[in-house]
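Trainee: Given next are the chains, with one letter for each unit.
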Amino acid sequence: MAERERGERRGKGEGRGFRRRGMGRRKVCRFCADKTMLIDYKDSRVLGTFLSERGKIIPSRITGNCASHQRHLTLAIKRARTVALLPFTAAYP
Amino acid sequence: MADRRYETLVLLHPDLGEPGAKELAERVKKLIEDQGGTVGQVQEWGLRELAYLIAKQRRAFYVLFEYRSTSKALLEIERNLKLMDRVLRFVSVRQAENAPPTPPRPAAARRPEREEPEFEGAAEFEGLNEEVS
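In the order they appear, the protein sequences are chains A and B. Okay, so the first sequence: first residue is 1 according to the numbering used here, each after it adds one. Okay, so the second sequence: first residue is 94 according to the numbering used here, each after it adds one.
If we strip away everything but chain A, and leave its shape as in the complex, we get:
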């Protein structure tokens, strides 16, 4: 829906509802797109891609994950942290 009116078509219609800022492509939840991709706390390689450099969980608003997968992801990351597979904060020197 948001796709429909973006970019050049804006012109004068100022108050015409929500418009995406900029012209990024729509983000799709990676776990919905690839059903074989499971969220597992032991899989630090996948989980690590959802951490910022400081070790913080990247919000779904940036990754584009759907709410349900983001919840599962968050839980998995927290589990992985308790067994030191992932850092709580940036790695120690």
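I should point out that these hints are in silico values taken from the structure, not numbers from a laboratory. Keep in mind that this is a model prediction, so the values were computed, not measured. Glycine is no exception: its CB is placed at the ideal position from the N, C-alpha and C atoms. Treat the hints loosely; a few may be bogus.
DMTMM-like, lysine to aspartate or glutamate: derived pairs with alpha carbons at most 20 Å apart [stated by the list, open to error]:
id, chain 1, residue 1, chain 2, residue 2
1, B, K149, B, E126
2, B, K123, B, E137
3, B, K123, B, D178
4, B, K149, B, D96
5, B, K165, B, E116
6, B, K165, B, E137
7, A, K78, B, E171
8, B, K122, B, E137
9, A, K35, B, E190
10, A, K78, B, E100
11, A, K78, B, E142
12, B, K122, B, E142
Sample of chain B residues lacking proximity to chain A, with all beta carbon distances greater than 10 Å (derived) [said to hold, decoys possible]:
id, residue
13, D108
14, G110
15, E111
16, E116
17, V132
18, E137
19, L140
20, R182
Since chain A is already given, all that's left is putting chain B on it; use the hints.
Mentor: What follows is chain B alone, placed relative to chain A:
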């Protein structure tokens, strides 16, 4: 009492050395069985780098146990794990009955890192999360 599917990932002290870690893993396995659990797969990941220091250690032996037991037995298993001072840490998770077993790890042979999908705006995210509406 219904038995459920669990898995426990245990971190063993690096000073045990390879044989010591194996021995302790065997003891943990026996502990689970003594509590009436049936152990399926046991995975030894070997000495692994920790993401942060635990008990002043940089590394630990990771051992994963997959088993079935009752929830009561799990509590008892966890209580005993806490008493073992060579166990740095552990986490127990209940697995769905239909979940596939954990695939074996490619031992130490780390696959080349997958191309990291950089999320748009991930860089900007640092530090400005407070001001986002």
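Trainee: Against this structure, judge whether each hint is valid.
Mentor: Now the hints, each set against the structure:
no., hint, verdict
1, B:K149 x B:E126, "violated (31 Å)"
2, B:K123 x B:E137, "holds (16 Å)"
3, B:K123 x B:D178, "holds (17 Å)"
4, B:K149 x B:D96, "violated (37 Å)"
5, B:K165 x B:E116, "violated (25 Å)"
6, B:K165 x B:E137, "violated (26 Å)"
7, A:K78 x B:E171, "holds (19 Å)"
8, B:K122 x B:E137, "holds (12 Å)"
9, A:K35 x B:E190, "holds (19 Å)"
10, A:K78 x B:E100, "holds (16 Å)"
11, A:K78 x B:E142, "holds (18 Å)"
12, B:K122 x B:E142, "violated (23 Å)"
13, D108, "holds (17 Å)"
14, G110, "holds (19 Å)"
15, E111, "holds (19 Å)"
16, E116, "holds (21 Å)"
17, V132, "holds (17 Å)"
18, E137, "holds (13 Å)"
19, L140, "holds (13 Å)"
20, R182, "violated (6 Å)"
Checked against the numbered hints above, the structure violates hints 1, 4, 5, 6, 12, 20; every other hint is satisfied.
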